[in-house]
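**Q** Here is how the chains run, residue by residue.
There are 2 protein chains.
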Amino acid sequence: MPAPRNATSAAADAAVTGAEGGDDARGERARPGGRTARVRADVLAAVEAELAEHGYDGLTVDAVAARSGVHRTTVYRRWRTVDGLLVDLLAMGADDSWIPAETGTLEGDLVELNREIHASLTIRPSLTTAVIAASFRTPEAANALHGFWKDRYERSAIVIARAIDRGEIPADTDAHRVLLTATAPLFHQLTLLRQDLSEADADRYARDAARAAKAGILRAP
Amino acid sequence: MPAPRNATSAAADAAVTGAEGGDDARGERARPGGRTARVRADVLAAVEAELAEHGYDGLTVDAVAARSGVHRTTVYRRWRTVDGLLVDLLAMGADDSWIPAETGTLEGDLVELNREIHASLTIRPSLTTAVIAASFRTPEAANALHGFWKDRYERSAIVIARAIDRGEIPADTDAHRVLLTATAPLFHQLTLLRQDLSEADADRYARDAARAAKAGILRAP
DNA sequence: CTGCTAATGCGACGAATGTTGCGTTAAGAT
DNA sequence: ATCTTAACGCAACATTCGTCGCATTAGCAG
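Taken in sequence, the protein lines are chains L and H. Each residue of the first sequence is one higher than the one before, starting from -9 at the first, in this note's numbering. Each residue of the second sequence is one higher than the one before, starting from -9 at the first, in this note's numbering.
These are calculated hints, taken from the structure and not from any lab test. Please read these numbers as outputs of a predicted model, since none were measured by experiment. No residue lacks a Cβ here, since even glycine has one placed at the ideal position from N, Cα and C. Among these hints, one or two may not hold up.
Unchecked claim - Covered by chain L, according to a simulated footprint, are these stretches of chain H (three or more residues, beta-carbon under 8 Å):
#, segment
1, 49 to 56
2, 130 to 141
3, 149 to 156
4, 174 to 181
5, 196 to 208
Let the sequences and hints guide you as you build the complete structure.
**A** This is the structure in structure tokens:
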């Protein structure tokens, strides 16, 4: 389960894609052309750089504007708040083509998921962690986060389906519960308890969940 | 595992205990007497009330000062920030005499822990959630949160020790892993994914962890 | 190229947020 | 009761944050 890819490279794309930033999605003809897209790319790149230097609690609209060379007012108008910037960064970094890796075993698939999550929470700066922080401050960020992970968990459910097809685990295994059992300890330990957690530990929680599923412990309801 | 008890009643104690607020813990003789303690009690009660009305993102020093009848400057001097207020509230609400309930079975003990956590995250306003939010903004809040939960998990380890004594689970069962497997899904689903999670769901994660431990899945290392 | 106008730039403004210096109050000691 | 001084109240100040009106720039259409 990936965190949003770290978006540095993705920022460049924005100039081409010209997706609509901010929030004003009125039905009229917009003007997503060159400059607007360039501004978005510059600003989001600046957000990422500021995040790397000062972290979430040191992230300000003014600093982002100054670094990007875009005027304060423009940033306020298009993104409204710091959290709005992070939401947009998350949206840009979200890889819609992502699907969980297929290793041939439930255990291997879960280990792979946990490694991606572990990387996304451990990397500095962690966009994932920043958006989590933002989600406690504005409903928009909370919704964006919720939507992102909901999508990821839904896509990941195929891992359990494949294991059922292979006969590894009971057919009535509760997919969401398996995923949560495997992944939740990483989030809890790394973002809430703020304790170190090695990749080996992440692997172990994945294996624990796989073994529990095989033992028929995680069957619905 | 309790969240800090909801501190309304505890606020009254402050006038008596007169624990030192804020952060300036210099070695000189302090003056924790009547007025200082009364101010602390008033302010922290106001914090709790404001939290109930406006939530964490609507919590401001000015509003707390106005409600408590204490001057802005005093609040800034003693607590520095909104997060400092929450840290102090957490410290006051922390029940040092807490020990996990003893039900006679590992499953029952874990269910009881999860119910306490579920309640602390579900109650409005949730001081626990507010402190989590604060922990993303200041290192002090992060440390306070870390310390609080570290203490709670250490105390809770006795639940696994008792189960081992009873012969319910293998002697080399990894206590921390059992606790995390049981409790992490609650935090993850309720505070990160922002999805509903019933008490019955909380119970089930507790039972899952107990069954996994019995099956020898959660043995050290 | 020319006109239209969305998007940006610009400066000024008001509000919210913290800070500082100094006078006042009251806790604790004698 | 009196003295000392930590803690608090107060007002003025500085800074940051977010908004507004208007001028300027630059997509896009014809």
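**Q** Does each hint hold? Answer for all of them.
**A** Structure-based check of each hint:
no.: 1; hint: 49 to 56; in the structure: violated (count 0)
no.: 2; hint: 130 to 141; in the structure: holds (count 5)
no.: 3; hint: 149 to 156; in the structure: violated (count 0)
no.: 4; hint: 174 to 181; in the structure: holds (count 6)
no.: 5; hint: 196 to 208; in the structure: holds (count 6)
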